[in-house]
Structures are given as C-alpha cells and as structure tokens.
Amino acid sequence: MQLALSAEDAEFRDEMREFFTTQIPEEIRDAVRDQREPTKDHLVTSMRILNEHGLAVPNWPVEWGGRDWSPLRRHIWHEEMQRAFVPAPLAFNATMIGPVIAQFGSQELKERFLPATANLDIWWSQGFSEPDAGSDLASLRTTAVRDGDEYVVNGQKTWTTLGQYGDWIFTLVRTDPEAKKQAGISMLLIDMTSPGVEVRPIELIDGGHEVNEVWFSDVRVPLDNLVGEENRAWDYAKFLLGNERVGVAPVGATKRHLAQAKEWAGPLLDDPLVAARFAEIENELLALELTALRVVAHSADGKPHPASSVLKLKGTELQQAVTELVVDLAGPASLASGADDDSDLPWWTRRSTPIYLNFRKASIYGGSNEVQRQIIARTILGL
Amino acid sequence: MDFTYDDEQQALREAVRGLVGKAYGDFENRRRAVADDPGFSESVWQQLAEMGVLGLPFEEQYGGMGAGAIEVGIVSQELGRVVAPEPFLTSVVLAGGLVAEAGSEEQKAELLGGLSSGDLVLAFAHAEPGSRWAPTAEAVRAERAGDGWTLSGVKEPVLHGARADVLVVSAALPDGGTGLFVVRGSAVVRDGYPTHDGGRAARVVLDATPATPLGAAEDRTGIVTRVLDAARVAACNEAIGLMEVALELTAAYLKSRKQFGVTLNTFQALTFRSADMYVSLELARSMAVWATMVLDGGSGEETSVAASRAALRVSRAGRHIGQEAIQLHGGIGMTSEYSVGSYTSRLTALDHLLGDGNHHLGLLAAGVSGYDEVDPLP
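Which chain is which? The protein sequence lines are A and B, in order.
Each residue of the first sequence is one higher than the one before, starting from 1 at the first, in our numbering.
Each residue of the second sequence is one higher than the one before, starting from 1 at the first, in our numbering.
It should be emphasised that the hints constitute simulated quantities derived from the structure, not laboratory data.
The reader is advised that the hints may include incorrect statements.
[Unchecked claim] Covered, in the sense of this in silico footprint (three residues per stretch, anywhere, with C-beta under 8 Å from a C-beta of chain A), are these stretches of chain B:
no., segment
1, 248 to 260
2, 286 to 298
3, 307 to 320
Don't be surprised by glycine CBs; every beta carbon is placed ideally from N, CA and C.
With these hints in hand, go ahead and build the complete structure from the sequences.
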C-alpha cells in the first residue's frame with residue numbers, strides 16, 4: 001500500500017497542470033469556472049488545442065490518436081483538466097462515437113470520420129433517447145428501411161444535447177421490426193444537413209436551450225453510413241454507455257465549485273450550521289475522490305472495478321448538493337435570476353438557481369441513478 | 001499509488017480469518033463466548049497471542065512483531081467480520097499503544113511483553129462521567145504522595161476494566177495537564193457489567209490508589225491524542241469488516257426469504273436500499289483505507305484530520321448500514337439468536353467509543369474556512 005503517486009506519475013501530473021493552465025485561453029477557462037453555458041467557439045477552440053498536443057482523445061486506440069495511458073494517468077489527465085476549468089473534449093465525439101467507430105467501424109469509416117472527430121471538425125450529436133424510450137432505450141421506434149443503396153429513416157429523437165451545433169448525428173434505429181427488441185437495432189451515422197432532418201429546441205426549467213428534439217422524415221442515408229453490422233447495435237450501444245460512465249463522476253470540477261462557494265460564503269462560514277454543511281459535503285467528496293482513485297489504481301487489467309458504479313451515483317448527488325448549497329448561500333438574491341449586470345447582486349447569486357435547476361439533469365442522464373442502483377443490486381450484490 | 005495489500009499482508013489476513021473464522025464462524029460460538037465473563041474467549045486470546053497478533057504493532061525487542069498501521073487495520077477488519085469479542089482494539093491498540101509511546105524501557109518490556117504473549121490484558125481507563133471524547137482527564141486527579149503518586153476519582157465506562165490485569169489511567173496533574181499512570185487491576189474497586197455489544201465495561205473507583213507514572217509524570221495529552229487517533233483508524237477498519245458482513249448477510253437473506261410466494265429480492269424497494277448500503281460501504285472503505293495509509297506514513301496532525309474524516313464517513317455508513325440491515329431482515333433481525341443485530345450493536349458501540357460522526361464533523365467544520373480544498377495525496 002502506498003498513497004503517494006510514483007515519481008513518474010507525479011511528473012505527469014505536473015506536466016498536465018502546466019499545460020492546462022497555460023495553453024488554453026483564460027477567457028475559455030473563466031467561462032467554465034463561472035458555469036456559463038459553453039459557446040460552440042470555446043469548445044471547438046479548446047478541443048483543437050488539446051488535439052494538437054495529443055490530449056483530446058487519449059482513450060482511443062493509439063493509431064487514431066490515443067495514448068495507451070494507464071487508467072490512473074487518464075484519471076489524472078481528466079482531474080487536472082477540470083481543476084484548470086478546461087472544458088472536457090466534447091463527449092459525443094471523444095467518449096461516445098469515436099471509440100465505437102474505432103472498435104466496430106470499417107476501415108473506411110475510421111479513415112473518413114476519426115481524424116475529423118478528434119479535431120472537432122465534425123460536431124457529433126447523440127440520437128439515442130426517444131419520447132417513449134428513456135431508461136428503457138431498447139424500446140426505441142425510429143425506423144430505417146432499406147431502399148436500394150440507402151436507408152430511409154423516420155422517427156423522432158429527443159434530449160439531443162447541443163444538437164443545435166451538430167453536423168452529424170449517430171443514431172440507434174430499428175432495422176428489423178420482427179426481431180425481439182434488443183435484436184433489431186442498428187447504428188446509423190446521419191448528416192444533419194440531409195433533407196428531412198429537423199432540430200427543434202426544448203426549453204428547460206433553467207430557461208436555457210441545451211437540448212433538442214430531432215425529427216427524421218424520410219431521411220435518406222447511404223448504406224455506407226452503417227456502423228458495424230446491421231441489427232447488432234445493441235452491443236455497440238452498451239459499449240458506448242459503458243464508456244460514458246467512466247469519468248462521469250466530476251470530482252475535480254465539483255471540488256473546485258465547492259472551493260468557490262467557500263469564497264462566496266464569506267462571513268456565512270462563521271455560522272456553525274453552514275460550516276458543518278461545507279465540512280460534510282467536502283468529506284463526502286473526499287470519499288468519492290478516494291473511491292475513484294481506488295477504481296483507477298485497480299482497473300489495470302481493463303475490467304471495470306465493481307465500485308465504479310458508485311461513482312456516477314454519488315458523483316452526481318454531490319454535484320447537485322453543491323449547486324443546492326450555493327442557492328442557499330445566495331438566499332433571497334437567488335430569486336434575481338433574470339437580472340443583468342446592472343443588478344447590485346453578485347453574479348453568482350443571480351446564476352445560482354438556474355445552475356441548481358439545470359443540474360437536476362445529472363442524476364437522470366448517463367444511466368439514471370435508479371439504473372445505477374439496479375446495476376449495483378444485480379451485478380454486484382446478485383439480487 | 002497502490003491500494004492493494006502485499007503478499008505478506010494477504011497471508012496475515014488469511015491467517016487471522018482462519019483463526020477467528022474457526023472460532024466464531026458459527027455465530028452460536030460467539031453467543032456463548034460473550035454470555036459469561038470476561039466476555040471473550042481466553043483461548044482465542046491465547047491463540048491470537050501465539051499468532052503474533054497481540055504484539056503486532058510493538059517493537060520486536062518487547063516481544064512484538066514491528067508491524068504498522070496497515071497490518072493493524074487488516075486484523076481489525078477480520079475481527080469485525082465475525083464480531084470477535086476479544087479486546088484487540090482497547091487492549092492492544094489503545095492501552096498497548098500508550099505504553100509503547102509513553103512507557104519507560106522496563107514498563108515496555110514488562111507490559112508489552114506480557115500483552116504480546118497473552119499473559120496480560122490491558123485496559124485504558126480514560127472516560128469519565130460527563131466526558132465526551134476529550135484527550136484530557138478532569139475528574140480523576142493525581143497527587144504526589146512521598147516519592148510516589150496516588151490517583152482519586154471515578155473512571156467509567158472502562159472497557160474490559162474488570163478483567164484487565166493492568167490499567168493505564170489518565171489523570172489531571174496537580175500543575176495542569178493530563179498524565180498517564182499504571183495501576184494494577186487488583187488495586188482498584190471495579191464493578192464490571194456487560195455492554196450492549198457483548199463486551200464488558202467497568203466502573204473503576206480510585207481512592208488515593210497508589211499509581212506509577214507511565215514513563216514520566218508529565219502532560220501526555222499529545223500522546224493520548226495520537227494513540228486515540230490510531231485507535232480511531234483501527235476502529236474504522238473494524239467497522240468496515242462489520243459492515244461488509246452486515247451487507248452480505250442482508251443480500252443473502254433477501255435472496256432466500258420468501259413472502260407473498262416470492263423471494264424478497266423481487267421487490268425493488270428492498271434491492272435499491274441494498275444498493276445504497278453498498279455505496280455507503282465503498283465510500284467508507286475508501287476513507288478507512290486512506291486514513292490507514294496516512295497514519296502509516298504521515299505526521300500527527302495529518303493523521304488527526306484523516307482520522308476525523310474517516311470516523312465521520314464511517315459513522316454515517318455504520319448507522320445507515322446497521323439500521324438498514326435490521327430493517328431489511330425484518331423481525332429476525334431483532335433477535336439475539338440471529339447474527340445481524342450484533343453487527344449493528346457493535347457498530348453503535350464503536351461509533352461512541354472514540355467520538356461519533358457529529359463530534360468529528362464539529363472538529364472538521366471548525367477548520368473548514370482555513371483552506372481551499374482537500375488534497376488526499378501527500
């Protein structure tokens with residue numbers, strides 16, 4: 001047993017820290033620090049700088065830009081990025097469709113898409129959820145019917161995050177209506193400028209426009225845009241969702257936000273009840289961080305550590321707990337969410353409630369926390 | 001960074017698991033052991049001595065094994081897994097730890113030697129009516145008497161105080177500070193009684209009782225604090241063993257118990273609560289393992305904070321898991337015949353032995369504005 005990082009890993013950490021705090025423009029990192037909605041330009045600029053230095057897609061196979069790092073190094077990379085308020089590489093590209101194409105796509109698909117995906121020359125959107133297929137994803141109903149050398153796609157996807165910026169969308173579609181529900185699903189890559197694709201904004205309770213509905217009406221998609229084999233996409237989706245859970249516990253970012261909240265609290269920290277609340281959340285975060293370290297230090301053989309399912313569940317709860325704490329620190333000023341910079345109230349108080357409301361999403365996406373409980377009960381406890 | 005036990009540590013775990021598993025794997029044996037005084041099995045105590053467990057943290061020149069906090073943690077976890085009633089925590093880690101830190105050469109040779117060989121049971125007489133986990137003594141006072149010292153006052157509860165051959169007693173010194181003294185068990189009035197977790201405790205009355213300073217008769221608050229912190233970390237490890245098994249028992253019960261014609265694991269209300277118990281356990285385990293490593297290599301101040309952090313998380317987890325283990329079992333969990341309630345009882349005892357969750361939360365909250373964020377790595 002040994003708590004300290006090895007000299008090599010400590011050096012790696014210093015390198016990452018140096019890079020993230022000096023190479024990504026401060027303007028971009030300030031926006032992340034202040035939890036402003038990311039602009040497309042910020043995310044593209046940041047990911048291209050990362051990609052230029054081989055830091056955008058370290059989790060990919062080496063031939064496509066991956067780094068073959070240990071899970072611990074990948075964790076350090078991710079934590080240091082959050083610590084420096086650098087926006088993470090766009091998840092749809094870096095942790096979702098990229099690894100799926102690299103693992104299951106044809107050589108042609110890899111060459112066509114992977115370099116552009118790593119560099120965010122293509123902005124991917126995710127077309128999985130449907131109005132009647134949420135946690136029960138396999139009940140999806142969007143269809144793709146072969147017609148010559150094309151598929152004709154009809155249906156509706158929803159909760160498409162940042163779909164308004166999307167160039168392409170990776171979708172799960174039903175190609176065999178006769179098969180039992182998991183068996184008849186395929187993965188299609190669809191150009192969002194195709195005729196028949198329509199993106200409609202969904203306004204959320206925080207007043208923002210982060211997610212969309214995407215409608216497909218007789219959209220014609222070349223057969224070449226199929227990933228892997230027809231009717232086998234349930235396996236690809238499970239692979240993708242498994243990757244989504246890794247790094248879904250935003251320990252570093254939550255720690256930084258709690259530290260910010262301490263600054264904002266000022267004299268309120270003299271109230272023992274407020275101080276106790278900080279101390280308890282901080283302690284839970286420490287337990288989470290240590291659990292994440294245990295998981296990465298132990299998963300060298302490539303198999304996920306059973307405790308990894310704890311990370312999403314607890315990580316999102318703590319992320320939410322911090323946003324809730326900030327609203328409480330703001331007090332009545334938290335009502336002024338519609339005020340602009342002419343307001344006498346500090347900006348963080350005005351932003352606190354929209355952020356709190358926005359982060360209710362965290363325990364729903366990426367496999368809802370109830371799905372995580374189901375996984376723990378079934379696969380770990382054998383219930 | 002490495003969170004795994006090495007081969008020697010694994011071997012220690014297996015050896016201890018084998019020994020206490022044989023003794024208490026059948027819960028009925030544990031019930032029998034705690035039914036009569038001294039509340040544990042003298043023969044298991046002797047076997048632990050022969051295995052080297054009772055001298056584990058002490059230097060070899062005093063009959064010990066020269067092992068560290070990691071090994072003490074492993075033993076504590078294994079004792080927890082079977083709710084072993086032997087006083088490893090109070091006798092070896094606490095009282096023995098004080099002797100190792102403060103004792104003279106002769107005292108270390110005699111007391112640690114006797115403890116390691118199983119010939120002596122030690123107890124730390126520290127808690128006083130009204131005290132709440134302070135490292136200091138108030139009600140029991142030390143006075144000079146000729147060349148020596150006497151102690152007067154009441155210590156209660158003193159865990160295993162009635163059985164102990166030797167008591168290490170904390171006492172307020174005439175010129176301020178808290179000293180440590182050695183008193184023979186036979187020299188004091190002791191009223192022993194059982195504790196709810198199957199253990200034993202005593203009211204110890206000192207009335208101008210002759211006492212020998214442990215080392216020098218000087219303020220030992222710093223040493224008491226350090227040893228209490230080490231004991232907190234050991235107690236966290238014991239609690240991990242207890243919680244592991246409480247959850248295992250609960251999961252197994254849900255799979256076998258039938259109601260409404262189906263096993264209980266078909267009810268999501270129950271399986272989700274088990275999943276939350278698992279989350280509590282893993283978070284607590286991470287903290288206990290971390291605090292153990294900090295204790296093994298860190299400074300006193302770092303260890304104090306780490307011990308408080310682990311104690312807070314383990315307290316929360318112990319209550320959650322202990323309460324839910326009984327609830328998910330239903331009526332059978334309430335009976336003394338079935339094991340799970342004893343796990344909850346022991347978790348409750350550990351929680352209040354060295355400072356409960358809110359005690360440690362208070363300490364942490366008082367310092368929360370003094371730093372930006374917590375970095376767990378050295």
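Hints and how they fare:
A count of 3 residues in the segment 248 to 260 of chain B with a Cβ less than 8 Å from any Cβ of chain A is obtained; the coverage claim is therefore met, three being the minimum. Check result for the segment 286 to 298 of chain B against chain A: holds, 9 residues qualifying (beta carbon to beta carbon below 8 Å, three or more required). Chain A is given as covering the segment 307 to 320 of chain B, and this holds because 3 residues of the stretch bring a CB closer than 8 Å to a CB of that chain, at least three being needed.
This entry satisfies every hint, going by the numbered hints stated previously.
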